[in-house]
Amino acid sequence: MKKPCCQAAPGGFHPESAPDFLPRPQLRDLQLARLQLSVRNAFEHVALFRARMEERGLTADDVRTLEDLGKLPFTTKSDLRDTYPFGMFARPLAEIVRLHASSGTTGKPIVVAYTQSDLDTWASVMVRSFAAAGVTRSDIVQNAYGYGLFTGGLGAHYGAEALGATVLPISGGNTERQLMLMRDFGVTAICCTPSYMVHLLERAQEMKIDTSKLRVGVFGAEPWTEAMRQRIQAMSSMKAYDIYGLSEIIGPGVAVECSCQHGLHIFEDHFYPEIIDPETGRVLPDGEEGELVITTLSKEAMPMIRYRTRDITALETAACGCGRTIRRIRRISRRSDDMLILRGVNVFPSQVETALLAVEGTVPHYQIVLTRAHGLDEMEVRVEVTPEVFSDNVRALESLHRRLEKSIEQTLCIRATVRLVEPHSIQRSEGKAKRVLDLRQSSS
Amino acid sequence: MKIPQLSLFVENRPGSLRPPCKVLADAGIDLLSLTVADTEEFGILRMIVVDPDGARQVLTAAGFVVKVTEVLAIEVPQRPGGLLVILDALEAAGQAIEYMYAFAGVTYRRRVDGRAVLVFRFADPDAAVRALAKAGISAIAPAELQS
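Chains A and B are the protein sequences, given in the same order.
Last residue of the first sequence: number 716 in the working numbering, and the count goes up by one each step with no gaps.
Last residue of the second sequence: number 234 in the working numbering, and the count goes up by one each step with no gaps.
It is possible that part of the hints are untrue.
Covered stretches of chain B (chain A as the covering partner; in silico rule of three or more C-beta atoms under 8 Å from a C-beta of chain A) [unchecked claim]:
hint	region
1	97–104
2	127–139
3	149–163
DSSO-like cross-link-like pairs, simulated, lysine-lysine; straight-line CA separation at most 27 Å [claimed, not checked]:
hint	chain 1	residue 1	chain 2	residue 2
4	B	89	B	221
5	B	109	B	154
6	A	706	A	511
7	A	480	B	154
8	A	480	B	109
9	A	380	A	706
Take a look, some chain B residues computed to stay more than 10 Å from chain A by CB distance [what the hints assert, rightly or not]:
hint	residue
10	144
11	183
12	185
13	187
14	213
15	216
Think of the hints as simulated: they come from the structure by calculation, not from any bench.
Just so you know, these numbers come straight off a predicted model, no measurement behind them.
Every residue gets a Cβ at the ideal spot worked out from N, C-alpha and C, and that includes glycine.
Put together the whole structure using the sequences plus the hints.
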């Protein structure tokens, strides 16, 4: 088991965080040594990877520098589906101590595996994540990520425990109970999806429950915007931090924001990032926006070589105010898996959010509904009317309606129908927000 | 005298009036008058109730967006041209009516038979009160409203 935690120092530093501050040359040496081991592990134990390497006339010995990584084949989500359930494992089941899986709503689920050493690594990067967000062993952490096959719950749980914080393993759902325990136990830190946090804070206001002891929130598992951070921070006394991860790589704890709240530090000693042009696969220089590709450097059970995340971001190299030397990725603004193609135009829900923000000043609850009428895609944006924008005057509401439609058209270059709906009429999810309702298959 | 009126946002679809009316019914609050201003997609439900503060509280707690605006309830003689006296006084004072509807609640303390009551919304209710007072027309006071 993981060694018990040490006393966390102030300023977001924890002894476990030392690799965050390694001098760059030392970090690169460590990355290369680990990369060579990881590629060898995959080459020797994962048939799919070995076959792809051999097709290119490559062996594990051909990785002599970090730049050689660019010669290796990509791994995609469909590779994990095609080899379901255990085809990507590099260790026999006897050495595997944990399995997680995706829900499989879009086909076969994705299965990921961990050795004990992998779980220790995971807990360690989660300790470093919480520490960067300023969580200490004195905090009471309400873990409202779902427990179970979803990596969010257990990942955050073991990390917060290894940090030495007091963990409240409440899992997702049951909002009233969440708020009651939050108040009664004096919870100071929380982790869940950002949309669920907004829901919790709204209910707290309605129920007149004091949330002023909350000081840190660590939010992830769905893309969110700076506007949403500002909203959470305005509704509460906490600072809201973005955390990034994906099951295929390890789960939450791949990258996290520090107190500067300006990009997410990626734990480069375990996860090697590249940015590629999603069309051509060409590696792009630091600072350019493209698809994030991650190679695991220490995973035993399921090494991922050049895994295409489908997340669009850029690598930031400028020094960070917190002193960490590991690079940052920009907030994930778009995920290609929630990208919508509407009459040939790429639409991201975050663009709709930006358009609504421009008119309302805050981001209301909204939902995008796609239908197909007479072979043509139609987009409707349902926007809940808030007390701030409601007027007794019909003309004022119609003007709001027009301004929302115009703002969406200007931002997306596509016409959408806005429908003002009653507050609380859009279903709140206890996990990820269901921003998009795609009815095109059923209505075509 | 101004009367508080509650305005609610409702969607324009079957059944959308029921939930707020149910909330008021459960709280034992009587409706004195109401009207719906509707557009293709949404409506604004405007109501005068016996207990506006209580109504606002229970509706807000139930998750509705509620706005309180001030309106005037004015007696109109029920005969041809009865409304003209009022309209003339308003026009003379340059007061535009934003909207108006009939007061449905039939009883209030100084009710005189043969008179109707209309509810008016003005951008500046105080100026409208003064204009009407000059013409000898008084609005009904909140205290006079009964269920």
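The hints, checked one at a time:
no. : hint           : in the structure
1   : 97–104         : holds (count 3)
2   : 127–139        : holds (count 4)
3   : 149–163        : holds (count 6)
4   : B:89 to B:221  : holds (16 Å)
5   : B:109 to B:154 : holds (18 Å)
6   : A:706 to A:511 : holds (24 Å)
7   : A:480 to B:154 : holds (21 Å)
8   : A:480 to B:109 : holds (24 Å)
9   : A:380 to A:706 : holds (21 Å)
10  : 144            : holds (12 Å)
11  : 183            : holds (13 Å)
12  : 185            : violated (7 Å)
13  : 187            : holds (14 Å)
14  : 213            : holds (17 Å)
15  : 216            : holds (19 Å)
Checked against the numbered hints given earlier, this structure breaks only hint 12.
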